[in-house]
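Residue numbers (numbering that gives the first Met the number 0), protein chains in the order written: chain A, 0 to 410; chain B, 0 to 410.
Simulated from the structure, these hints should not be mistaken for lab results.
Each hint should be verified, as a subset may be incorrect.
Below, simulated BS3-like cross-link-like pairs (lysine-lysine); rule was C-alpha separation at most 30 Å, straight line [stated by the list, open to error]:
no.: 1; chain 1: A; residue 1: K82; chain 2: A; residue 2: K122
no.: 2; chain 1: A; residue 1: K236; chain 2: B; residue 2: K405
no.: 3; chain 1: A; residue 1: K53; chain 2: A; residue 2: K101
no.: 4; chain 1: B; residue 1: K288; chain 2: A; residue 2: K53
no.: 5; chain 1: B; residue 1: K288; chain 2: A; residue 2: K51
Here chain B is said to cover these stretches of chain A; the calculated rule only asks that three of the stretch's residues, wherever they fall, bring their Cβ under 8 Å from a Cβ of chain B [to be verified]:
no.: 6; stretch: 71 to 82
no.: 7; stretch: 158 to 169
no.: 8; stretch: 175 to 181
no.: 9; stretch: 200 to 210
no.: 10; stretch: 295 to 307
no.: 11; stretch: 392 to 403
Only some residues are given here: those of chain B computed to face chain A with a beta carbon under 10 Å [to be verified]:
no.: 12; residue: E169
no.: 13; residue: G301
no.: 14; residue: A302
no.: 15; residue: Q387
no.: 16; residue: L398
no.: 17; residue: R400
Idealized CB from N, CA, C, for every residue including glycine.
Protein chains: 2
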Amino acid sequence: MSELIGACVFAQSGGPTAVINASAYGVITAALAATEITHVYGAANGIAGLLKGKLYDLGQEDAQELEYLLNTPSSELGSCRYKMKSHVEDETDYITILELFKRLNVRYFFYNGGNDSMDTCDKVSRYFEQVGYECRVMGIPKTIDNDLCGTDHSPGFGSAAKYIATSIAEICKDTHVYDAGTVTVVEMMGRHAGWLAGSSALASFSCASPDLIYLPEVTFDMQEFIEDVTEVYNRKKKCLIAVSEGISYADGSFVSEATVSATDGFGHVQLGGLAVTLAGIIHQRTGAKVRGIELSLLQRCGAHLASQTDIDEARRAGSFAVEQAVAGVSGKMVAFKCKRDGGYECELILQPLSVCANNEQKVPREWINERGNYITDEFVDYVLPLIQGENTRATVNGLPRFAQLKKVPVL
Amino acid sequence: MSELIGACVFAQSGGPTAVINASAYGVITAALAATEITHVYGAANGIAGLLKGKLYDLGQEDAQELEYLLNTPSSELGSCRYKMKSHVEDETDYITILELFKRLNVRYFFYNGGNDSMDTCDKVSRYFEQVGYECRVMGIPKTIDNDLCGTDHSPGFGSAAKYIATSIAEICKDTHVYDAGTVTVVEMMGRHAGWLAGSSALASFSCASPDLIYLPEVTFDMQEFIEDVTEVYNRKKKCLIAVSEGISYADGSFVSEATVSATDGFGHVQLGGLAVTLAGIIHQRTGAKVRGIELSLLQRCGAHLASQTDIDEARRAGSFAVEQAVAGVSGKMVAFKCKRDGGYECELILQPLSVCANNEQKVPREWINERGNYITDEFVDYVLPLIQGENTRATVNGLPRFAQLKKVPVL
Numbered sequence: 000m001s002e003l004i005g006a007c008v009f010a011q012s013g014g015p016t017a018v019i020n021a022s023a024y025g026v027i028t029a030a031l032a033a034t035e036i037t038h039v040y041g042a043a044n045g046i047a048g049l050l051k052g053k054l055y056d057l058g059q060e061d062a063q064e065l066e067y068l069l070n071t072p073s074s075e076l077g078s079c080r081y082k083m084k085s086h087v088e089d090e091t092d093y094i095t096i097l098e099l100f101k102r103l104n105v106r107y108f109f110y111n112g113g114n115d116s117m118d119t120c121d122k123v124s125r126y127f128e129q130v131g132y133e134c135r136v137m138g139i140p141k142t143i144d145n146d147l148c149g150t151d152h153s154p155g156f157g158s159a160a161k162y163i164a165t166s167i168a169e170i171c172k173d174t175h176v177y178d179a180g181t182v183t184v185v186e187m188m189g190r191h192a193g194w195l196a197g198s199s200a201l202a203s204f205s206c207a208s209p210d211l212i213y214l215p216e217v218t219f220d221m222q223e224f225i226e227d228v229t230e231v232y233n234r235k236k237k238c239l240i241a242v243s244e245g246i247s248y249a250d251g252s253f254v255s256e257a258t259v260s261a262t263d264g265f266g267h268v269q270l271g272g273l274a275v276t277l278a279g280i281i282h283q284r285t286g287a288k289v290r291g292i293e294l295s296l297l298q299r300c301g302a303h304l305a306s307q308t309d310i311d312e313a314r315r316a317g318s319f320a321v322e323q324a325v326a327g328v329s330g331k332m333v334a335f336k337c338k339r340d341g342g343y344e345c346e347l348i349l350q351p352l353s354v355c356a357n358n359e360q361k362v363p364r365e366w367i368n369e370r371g372n373y374i375t376d377e378f379v380d381y382v383l384p385l386i387q388g389e390n391t392r393a394t395v396n397g398l399p400r401f402a403q404l405k406k407v408p409v410l
Numbered sequence: 000m001s002e003l004i005g006a007c008v009f010a011q012s013g014g015p016t017a018v019i020n021a022s023a024y025g026v027i028t029a030a031l032a033a034t035e036i037t038h039v040y041g042a043a044n045g046i047a048g049l050l051k052g053k054l055y056d057l058g059q060e061d062a063q064e065l066e067y068l069l070n071t072p073s074s075e076l077g078s079c080r081y082k083m084k085s086h087v088e089d090e091t092d093y094i095t096i097l098e099l100f101k102r103l104n105v106r107y108f109f110y111n112g113g114n115d116s117m118d119t120c121d122k123v124s125r126y127f128e129q130v131g132y133e134c135r136v137m138g139i140p141k142t143i144d145n146d147l148c149g150t151d152h153s154p155g156f157g158s159a160a161k162y163i164a165t166s167i168a169e170i171c172k173d174t175h176v177y178d179a180g181t182v183t184v185v186e187m188m189g190r191h192a193g194w195l196a197g198s199s200a201l202a203s204f205s206c207a208s209p210d211l212i213y214l215p216e217v218t219f220d221m222q223e224f225i226e227d228v229t230e231v232y233n234r235k236k237k238c239l240i241a242v243s244e245g246i247s248y249a250d251g252s253f254v255s256e257a258t259v260s261a262t263d264g265f266g267h268v269q270l271g272g273l274a275v276t277l278a279g280i281i282h283q284r285t286g287a288k289v290r291g292i293e294l295s296l297l298q299r300c301g302a303h304l305a306s307q308t309d310i311d312e313a314r315r316a317g318s319f320a321v322e323q324a325v326a327g328v329s330g331k332m333v334a335f336k337c338k339r340d341g342g343y344e345c346e347l348i349l350q351p352l353s354v355c356a357n358n359e360q361k362v363p364r365e366w367i368n369e370r371g372n373y374i375t376d377e378f379v380d381y382v383l384p385l386i387q388g389e390n391t392r393a394t395v396n397g398l399p400r401f402a403q404l405k406k407v408p409v410l
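Please put together the full structure from these sequences, using the hints given.
Okay, here's the thing in structure tokens:
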């Protein structure tokens, strides 16, 4: 493969995670070290900033501040949810990017994101090929939802899972303080995949796992749910429930959005989120003291509790993308191939971007019990290695020391 | 003071905190070491368990498991919210406790709790004095709300403040990821005192503090709130708001419980909590994308993020109570006297239980700005030393290793 000399552009996309900036660190440091790469540019707000020509010169950042990226949550360069049309449908965006890249002699493009971002990456890569512009395009995975195909798991998931399992262990302690009966419903993110809600089960290694777990992979039945909760509550006087935000009824409607039927005593759409809605229904049926807790943004930005394994893997994914691109690879997403028997090992591999674009990796049905209200040991064995390792983060005044980049504009 | 030889009973009461078990550790280890104390008993579920004679023999616990209490959240022995009548009104409970204490020769009683618990402590202490039963009664403060009088601050508050400031810093990062405008409302505990919501301002040492903070000490005005938020939102396209659960209208009704008037477009009681209610109102007025986040139980059970200063002080408060009781003191609550100029120092002192019982220490009005939508530098200077120090907690499988006590029954 011929040596390709030029600048690189790195961009972050989609929902942020606790370790997406660890991948940024991997990309930036590897790119700064690569003799083939003349300039390291970062796009503001993903592809949206790129289209506006809003780039930062990352070569001007201090090395120490860059290192703080390893423990800085969210997308430090900003993100977007911009969906590009195919160039057959509308070439405008592609021409804009091509002109910018030509002008700055950009020959490497690294895009860090989820399903939609891999789709964008794939489209840009094919367009460059078609118009004969030599630019190596690489995707770097990230998502707390863990729904990317073609990889054992995605950076960002392990840290969210660790945050969830830790918080559930602590909530479990709290809910057992009083003698009185209580039902607690905790809601995790995950519109279509239940990896996050399922990870609550790992709290069993610390305190106790939830009594019931509901995932989007199984059709939700309100009657069965009420039966399950009532049975646990009558037996234990306590019931801790984990639910994915994406659980849905047989007709495909989200439980969180559906107007609960009048027979459940609620005649209007609930505004308080799924956990509060379900807790309210249980209160009405059982008379139990209830509480709904939504982990909300906390589960994806809780960098103080990030898994060191996840940080390391996110960083390696970033630097691997650069190394492979410099070596001649293009049109691929970095992925993980892992083994768990006889000790966890994570190998970096490459997948065609098309495999990863627009597909969803869901929790296998056989990793969920028959009743559809708990996960199996296989699920736990899969997640456990991903939450290992306490990160040794920097603090200032007892609070997290985040990276403070200069973000010097290129143009 | 004459030497008093006998058993001791220790009990935990009220809402749990991240470090209440650090006080338990202080009491238990000091009591086990004291030659005057023959047995160390723990009451299950506070005074409620005591009334049922449900005691554990804490002398039978392993030293290592006891040490894990330093990083175990919630009340390990269980708690209660039982309010004792005065013995003039009804002597039953007092006689029950007296008989139990006589039977087991209990001569020391340590009660760890908040305002109500100090009241209980005071009543029990006075009763023993009146009937001539020699038993030294000591109160040990705890509350995340920081509303106990007679002490600079209370154990439990610093860790909750650290959790809140850290989470706000992380949320701040997350809400700045997209270019689009957003308004985020985060709700903290605190029915009558705004110490917790105010602590969100400390996030400025890490990322940025909230734009607006609303405390129960200032009457809430919905119109002013909407004006304030709109002004910030129009100027910055982002607005992060911290609110105490206990903010109330001029008529004394809690905003969280009040039916929002029809002019605000909400004709029914909101079930989703204060943050979601306020976010909904802002969305309707500004059209902004909004999100309501309730920190819920997480802020009081987040031991993984406990302040080491708080852990140390909680432990010292526990052991000091034992040392003082053995030395002859009774009818007192352990309290903190602190200096901040020229470096933080925290001295242990004693206060009459009556000073601490049933009073509330609120945020001074002069520590809140005139408009009532932010706190002053004095507030920040007061809280900052309390959140210092990262705790070096034990983990197992990447999750917190909590104490696992044997809880051997006494009777």
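Hints, one by one, checked against the model:
no., hint, in the structure
1, A:K82 / A:K122, "holds (11 Å)"
2, A:K236 / B:K405, "holds (22 Å)"
3, A:K53 / A:K101, "holds (15 Å)"
4, B:K288 / A:K53, "holds (24 Å)"
5, B:K288 / A:K51, "holds (23 Å)"
6, 71 to 82, "holds (count 8)"
7, 158 to 169, "holds (count 6)"
8, 175 to 181, "holds (count 4)"
9, 200 to 210, "holds (count 5)"
10, 295 to 307, "holds (count 10)"
11, 392 to 403, "holds (count 8)"
12, E169, "holds (4 Å)"
13, G301, "holds (6 Å)"
14, A302, "holds (6 Å)"
15, Q387, "holds (4 Å)"
16, L398, "holds (4 Å)"
17, R400, "holds (7 Å)"
Against the hints set out earlier in the document, no violation occurs for any number.
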